[in-house]
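Could you build all of it, start to finish, from the sequences and the hints given here?
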Amino acid sequence: MSSTVKNWDQEVDVIAVGSGGSGLTAALLAHDRGAKALVLERSDKVGGTTAVSGGGLWIPMNHLMAENGIDDSREEALTYCKRLTSGRAEDDMVETFVDTGYKLVRYLADNTEVEFELSRTPDYRADEEGAKLGGRTLGQQFFEKKLLGEWEAKLRPSPLMFVPLTIDEMLKGMAKPRSVPVDKIVERMSKGMVGSGNALIGRLLKSCLDREIEIKLEARARQLVVEDGRVVGLRVESEGRDVFIKAKGGVVLACAGFEWNEKMRKQFLPGPLTQNCSPPYNEGDGLTMASEVGADLANMSEAWVYPGFCIPGEEHEDRPVSRWVIGERTLPHTIMVNRTGQRFVNEGVNYNDISKALYYFDPNTFDFRNLPCWCILDSQFREKYMLLTVMPRDPDPDWLSKADSLRELAEMVGVDPDGLEASVARWNTLVEQGEDTDFGRGTGGYERWIGDPDAPHPNLGPINKPPYYALQLDAHSAGTKGGPRTNTKGQVLNVRGAVIPGLYAAGNVMAGVSGPGYYGGGGTIGLGMTWGYISGINAAEEAKA
Amino acid sequence: MPEVNYTAVMDITRPIVWDFVRDMNNWAPLAKGYQTHEILNDRESIWTVKGEVGPISRTTKFHITITEWHEGERVAFTLKGLNESITGEGAIMLTDRGDSPGTDIRGEATLEFGGSMGPVLNQLIGPWVQQGADELVTAIVTTLQPTYVRPSRPFFLVRWAQSAWRLLRSGVAAVFGSREK
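Chains A and B, in that order, give the protein sequences. Residues in the first sequence are numbered consecutively from 1, following this note's numbering. Residues in the second sequence are numbered consecutively from 1, following this note's numbering.
Derived from the structure by calculation, the hints contain no laboratory data. Keep in mind it's a predicted model, so treat the numbers as computed, not measured. Glycine included, each C-beta is placed from N, C-alpha and C at the ideal position. Mixed in with the good hints there might be a few duds.
Said to hold, decoys possible - Label-pair distances were calculated between CB atoms; the ranges are:
no.	chain 1	residue 1	chain 2	residue 2	range
1	A	Arg-120	B	Pro-127	29 to 39 Å
2	A	Ser-405	B	Asn-41	30 to 40 Å
3	A	Glu-212	B	Leu-30	44 to 54 Å
Have a look at this one:
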């Protein structure tokens, strides 16, 4: 939109569009660099996807690693990251991430309410060169919500992470349900403590409120205002009318991706999505605005996809709750099969990478052969491990298919019975031999860490004790990771590779710096907040110019 | 386990209220989260309810068994989850108002999640159960007495304030005598 705005309703230095981790970080840094910052949030709640997440950041060389005696180096981090980007992100962007992320962490720890906690979760591809077996993922200290005062009610609730647990407690609890510290959880809840994404956003929000950074809720940014080729502000829908807000330094788009926009999903993604765990406001607003002013797009076919399941009847804000399936496919006594009854992947790889197998398009059958797919488990799994929300001694839920024979189970769920019987027989043989020579299950450092440490093998166990169970899995997402390309300063680039002055991007709205890869737990938020840090600083500098 | 109760006062006599309450089909649909119910016999029924546990709502089936039936005064019941490890009990009680025509209707309920995560879930379900008791009693009252206005403050505060005011008035009257000539 070329500027015909004569009267601006408001003038600030830096506008952060979106109140997730990336947007709040951009606003904080802009403010701390002397800019007048404003946060615009489309919905009535603060926090975006970050608020409903695990709240982790993946940041190599962070200072907590050193404090805990864990070595890391630039060389190792770059080797690992560049391997995972597979050439689909520019080297200077990856280098900027590695060189800046730890500064973000240090800055937030020293200057805001954010308090990090080291996680021992290994990097997701723990066996790659440069990977670490723990330390790069940072979780959050628990946060007392009432410190937000009247803003407590405006913190976006998390349908999955509302029980205050650390990252490690959560992941380890899958294999060891009795290790879940129920008494501590009750104590934390009685004190109004939250963890995970709510803790991260709570602390970022408190920091913004302490600085009196204005946060406008129910203010949807719709169009960038351009003057002489420079982004100078926004048209915003607020309180039923258009409001024009000027941004002297710049607009930072931090309004997530397009996973809830069906048209865009079909245009860009290589496969279907059945459900998302993110808030339903991520409809590509930032992508639309940036495209309109000529932004170059990249990584558009990528999303943070995972095998998920929705428990029938379970809802949050009238939408099915997307549940992540992790232990159910990683622990002993379980495999994943497609409709032909065949295994097709190492079930223990991280969720981002396993989604590549979900999206395999079979040229013979001309469809997605591995969607849906099924976890096939037996009673040994049920007796020992958590299954979504169900503990070992709980009764079998009616949403879990159950049968006394594999054949009967297959017929119940629509899987080829002969194929399933053959696959389970093959699996049991491999387990007996102690090695999955078909797909390498149980060979990765990450899957072994979240496996059962007390089992003969953390990830391998026979499936031979009825009753048998099946859990149908579909492709769900935590967000898309394609969008406008930026440079190392967070500035959005046009299709000719030139900077669009006044426009920045951070988080899932932008072309992801990890390409098709996922570095480790917190890989999305770590990248997003690093770019929020970079964008906030640079937009504030522009405001001074 | 969450234990809640809610009391309302009605300007309708107890037999009329009882006539309504005695038939579950009259008030079951008024329950918070109610989806369906199926009468099995004169003591047992299956209810499907959409309840809230923290930010999540779940549809749960309960087996309800009436355990006490005091004609005109009280009906008590137990409930057991059929697809969740959850148990509870409740009661609806009617008493004549002492000082004027009308009825006090009181609803009580307890609900408890079992299983190893029960203590955690019980922390979350309390507000929903309290709201459920409030809303059910209020809905029954409003159905029978459309002019009913729910007290804006928690009922116990209203009753406390009323009692305190009566005491104050009687104290003032005792000291200064009646103002009437």
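Task: Numbers of the earlier hints that this structure fails to satisfy, in rising order - done: Violated hints: none; all satisfied.
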